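Q: Chain by chain, the residues:
Number of protein chains: 4
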Amino acid sequence: MSSLEEMKKQVFEANMALVGHGLVILTWGNVSGIMRAEGIVVIKPSGVPYDEMKAEDMVAIDLDGNKVEGKLKPSSDTATHLVLYKAFKEIGGVAHTHSTHGAAWAQAGMSIPLTGTTHADYFSDAIPCTRDMTQAEIEGEFEKTTGDVIVETFGNRNPMHIPGVLVKNHAPFTWGKSPAEAVRNSVVLEEVAKMGAIAHSLNPNLSMNDHLTRKHFERKHGPNAYYGQG
Amino acid sequence: MSSLEEMKKQVFEANMALVGHGLVILTWGNVSGIMRAEGIVVIKPSGVPYDEMKAEDMVAIDLDGNKVEGKLKPSSDTATHLVLYKAFKEIGGVAHTHSTHGAAWAQAGMSIPLTGTTHADYFSDAIPCTRDMTQAEIEGEFEKTTGDVIVETFGNRNPMHIPGVLVKNHAPFTWGKSPAEAVRNSVVLEEVAKMGAIAHSLNPNLSMNDHLTRKHFERKHGPNAYYGQG
Amino acid sequence: MSSLEEMKKQVFEANMALVGHGLVILTWGNVSGIMRAEGIVVIKPSGVPYDEMKAEDMVAIDLDGNKVEGKLKPSSDTATHLVLYKAFKEIGGVAHTHSTHGAAWAQAGMSIPLTGTTHADYFSDAIPCTRDMTQAEIEGEFEKTTGDVIVETFGNRNPMHIPGVLVKNHAPFTWGKSPAEAVRNSVVLEEVAKMGAIAHSLNPNLSMNDHLTRKHFERKHGPNAYYGQG
Amino acid sequence: MSSLEEMKKQVFEANMALVGHGLVILTWGNVSGIMRAEGIVVIKPSGVPYDEMKAEDMVAIDLDGNKVEGKLKPSSDTATHLVLYKAFKEIGGVAHTHSTHGAAWAQAGMSIPLTGTTHADYFSDAIPCTRDMTQAEIEGEFEKTTGDVIVETFGNRNPMHIPGVLVKNHAPFTWGKSPAEAVRNSVVLEEVAKMGAIAHSLNPNLSMNDHLTRKHFERKHGPNAYYGQG
Numbered sequence: 001m002s003s004l005e006e007m008k009k010q011v012f013e014a015n016m017a018l019v020g021h022g023l024v025i026l027t028w029g030n031v032s033g034i035m036r037a038e039g040i041v042v043i044k045p046s047g048v049p050y051d052e053m054k055a056e057d058m059v060a061i062d063l064d065g066n067k068v069e070g071k072l073k074p075s076s077d078t079a080t081h082l083v084l085y086k087a088f089k090e091i092g093g094v095a096h097t098h099s100t101h102g103a104a105w106a107q108a109g110m111s112i113p114l115t116g117t118t119h120a121d122y123f124s125d126a127i128p129c130t131r132d133m134t135q136a137e138i139e140g141e142f143e144k145t146t147g148d149v150i151v152e153t154f155g156n157r158n159p160m161h162i163p164g165v166l167v168k169n170h171a172p173f174t175w176g177k178s179p180a181e182a183v184r185n186s187v188v189l190e191e192v193a194k195m196g197a198i199a200h201s202l203n204p205n206l207s208m209n210d211h212l213t214r215k216h217f218e219r220k221h222g223p224n225a226y227y228g229q230g
Numbered sequence: 001m002s003s004l005e006e007m008k009k010q011v012f013e014a015n016m017a018l019v020g021h022g023l024v025i026l027t028w029g030n031v032s033g034i035m036r037a038e039g040i041v042v043i044k045p046s047g048v049p050y051d052e053m054k055a056e057d058m059v060a061i062d063l064d065g066n067k068v069e070g071k072l073k074p075s076s077d078t079a080t081h082l083v084l085y086k087a088f089k090e091i092g093g094v095a096h097t098h099s100t101h102g103a104a105w106a107q108a109g110m111s112i113p114l115t116g117t118t119h120a121d122y123f124s125d126a127i128p129c130t131r132d133m134t135q136a137e138i139e140g141e142f143e144k145t146t147g148d149v150i151v152e153t154f155g156n157r158n159p160m161h162i163p164g165v166l167v168k169n170h171a172p173f174t175w176g177k178s179p180a181e182a183v184r185n186s187v188v189l190e191e192v193a194k195m196g197a198i199a200h201s202l203n204p205n206l207s208m209n210d211h212l213t214r215k216h217f218e219r220k221h222g223p224n225a226y227y228g229q230g
Numbered sequence: 001m002s003s004l005e006e007m008k009k010q011v012f013e014a015n016m017a018l019v020g021h022g023l024v025i026l027t028w029g030n031v032s033g034i035m036r037a038e039g040i041v042v043i044k045p046s047g048v049p050y051d052e053m054k055a056e057d058m059v060a061i062d063l064d065g066n067k068v069e070g071k072l073k074p075s076s077d078t079a080t081h082l083v084l085y086k087a088f089k090e091i092g093g094v095a096h097t098h099s100t101h102g103a104a105w106a107q108a109g110m111s112i113p114l115t116g117t118t119h120a121d122y123f124s125d126a127i128p129c130t131r132d133m134t135q136a137e138i139e140g141e142f143e144k145t146t147g148d149v150i151v152e153t154f155g156n157r158n159p160m161h162i163p164g165v166l167v168k169n170h171a172p173f174t175w176g177k178s179p180a181e182a183v184r185n186s187v188v189l190e191e192v193a194k195m196g197a198i199a200h201s202l203n204p205n206l207s208m209n210d211h212l213t214r215k216h217f218e219r220k221h222g223p224n225a226y227y228g229q230g
Numbered sequence: 001m002s003s004l005e006e007m008k009k010q011v012f013e014a015n016m017a018l019v020g021h022g023l024v025i026l027t028w029g030n031v032s033g034i035m036r037a038e039g040i041v042v043i044k045p046s047g048v049p050y051d052e053m054k055a056e057d058m059v060a061i062d063l064d065g066n067k068v069e070g071k072l073k074p075s076s077d078t079a080t081h082l083v084l085y086k087a088f089k090e091i092g093g094v095a096h097t098h099s100t101h102g103a104a105w106a107q108a109g110m111s112i113p114l115t116g117t118t119h120a121d122y123f124s125d126a127i128p129c130t131r132d133m134t135q136a137e138i139e140g141e142f143e144k145t146t147g148d149v150i151v152e153t154f155g156n157r158n159p160m161h162i163p164g165v166l167v168k169n170h171a172p173f174t175w176g177k178s179p180a181e182a183v184r185n186s187v188v189l190e191e192v193a194k195m196g197a198i199a200h201s202l203n204p205n206l207s208m209n210d211h212l213t214r215k216h217f218e219r220k221h222g223p224n225a226y227y228g229q230g
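Chains as they are written, first to last, in UniProt numbering: chain A, 1 to 230; chain B, 1 to 230; chain C, 1 to 230; chain D, 1 to 230.
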């Protein structure tokens, strides 16, 4: 199998995993992957039902959005993915869902505060919510600008330490070293968003010790990480 | 297959899809479809368990509610469906559920505010909640008047741009170009109602930029829509 | 099959339906049925795992709680069921669950207010919550007194029009003409409790028009009921 | 089968039961069991996907954490389990999950108050939440100190009467006479946490009669317990 075929298979399986994890309904959601050496991004086609979709339906484009291979139109969110790949050089996959609790925090216009180790195991700080876009931004190149505003929101934050964002009044984008890791981070974001919403209803003044945050993140991701089989 | 048989099959499958999407329990819920040229409406029979129901059990009536074909009594909500078909000339299907979060907003007597793009992708504005009915309306032709009050609520709103409503203290009705699209809009309404309830618990002062609303709705439904395979 | 065997089968199936509807976990919950002519009550055995339970494990007792047939000990809640059968002469089955939202309202010590037609279709008024029991009542014949306090709570209310109750700090009991109808009312109570909790979080000042309540209840249960196939 | 093989099988099945009960996702969660006579603890390996895990992957260690048998690294939470086994002499199994509602209460930094008989049937009092750990504790032997702080929280409480705890900003640990009973207590804790969160949203001033608490706990666990087949 060529590396393009292999990437199409990976991206297809990552898209199907969104369904398996209950993160998308209807035709919502999309996952992409990038072949950095070739400068090729593979992404879900737009609006195709998951139960009819096949690996060969995945669409290959270059980083300017020109189609390289595939019969179908790429996801309508493609331009957002491309901005993320250009700005965040270490990422290998991007996922976008309208998962229920992640979308609810985005609709509330609130970042998900870091108040638990479940969150700290994967994200080293709050999952930020982007600012409102202006009329000009919305009426211009909307999907590209959505990506630009995500990158602006990150500023000096390390996207490998906070592998996800809430787009205000919209929903989450997550990323990772591969399409599968981007999906895993969507799973974690939704669970953390759910725990956070319930915790907020119990106690709106949540807080968590910074030392505990750092410990949990580094236990899994620091130079001396000791979680897993190493 | 005659067009009536075909419509009965479509309506049956749309009713079963309500169960598959987890929107109804017991014998709750009903979907209908209309054959505009023939003036025939096909609807679920009243109170029949979903696991015993067959396509041939669907009941065909005319727009005045006279039975055209079928052995069973039509849904007790039939008169509401008929008012909607008469008032909203472009719709081809109507669905009614007591889906949990949609019904909760109706019990709260509140319209579902437009605060996210998931909502804006299918509904161009808030999903309105009807007014209280009077004693005379309730004790008169209740189901017909339920439809009249929905139509009154819509006033100048475009029912194809806001394909659903909450009947106060009751539950949602949705519609679309076909029975299947009416069901899809029930799925979206329930998901939007759930996201909205969680967002409301996080932040009761929700808002969304009008430009973003318009952008998302038009991306899928405007003259220059670019979502899907076109 | 003798009528006792038939009743054991009905009660067994009703108990298994609690599991199927997601209303019980572990060994929680119990359903019974009564053969009025014979004065025999058939009930689930105490603490037997659902996946090992068989129809022949159901226990038959008389209205004083003496065992008539069966090898196992009857449910620890048996005495509550017996009080209900003696006080509410028209009921043929009783169900008890710790269903999540029903139990939550009971823990909140609040009746479930009637604010929607889903509720009014099966219960003609609020689902009442019992009073606190005294120390003497709790330390005496606890399960029997639980039944007495339910009956006291009902006073002049018609138990066939309000086929369920919340025992304060405990959970729901429901009943109906048969074990299956008691289970159906547990399903409705849990759904109504869930809708009510979400509606309460959206708007704590809920209300519903009395005329609408009466209309919906009578549409299904009044002398001129017109729901279902008649 | 040797007793070590038998314990590995029990611990493996208890870990898989966490998945079956919906209490863990990804590689989260872990269960262990102890062979008291031999001083051997058997625990889940760290970070192994549940769908690839086999009974033979379970790791055997002594109470000082030295590996006795097994190819894989034990769970990163092993040191917490060992502290619990040393301090709580009657327990035979420990379970740790990030179950949604249990974790939410831990993130809220709140004990789960005893407000229902579902809770009282298994826990004789509130499920306590531990205190914040200090910087030194977090940066030192973190997992061991997590166990120490649980033991400190218990003080004079009887761990067999309150078989679980919330670690602040983290999640629940539960225990029992066996690995299976520890898992059962995780199931109960999550359900009680869910009921408690909903009850709290309905009425933040919850309370429950002490006599009722004692009655329910003793009905199942007291010297005159009468629940189950005895």
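No lab work stands behind these hints, which were simulated from the structure alone.
Incorrect hints may appear among the rest.
Note: identical chains are not told apart, hence a pair may lie in one copy or across any two.
As the list claims (entries may be wrong) - Derived lysine-lysine pairs resembling PhoX-like cross-links, with alpha carbons at most 25 Å apart:
| hint | residue 1 | residue 2 |
| --- | --- | --- |
| 1 | 71 | 220 |
| 2 | 215 | 54 |
| 3 | 215 | 144 |
Small disclaimer: the values here were computed from a predicted structure and weren't measured.
Q: Against each hint, give a clear statement of whether it holds in the structure.
A: Hint-by-hint comparison with the structure:
1. 71 - 220: between (41 Å within a copy, 21 Å between copies)
2. 215 - 54: Neither. Shortest intra-copy (42 Å) and inter-copy (30 Å) distances fail the 25 Å Cα cut-off.
3. 215 - 144: Between copies, since 14 Å is at most 25 Å while 36 Å is not.
When each numbered hint is compared with the structure, a violation occurs for hint 2 only.
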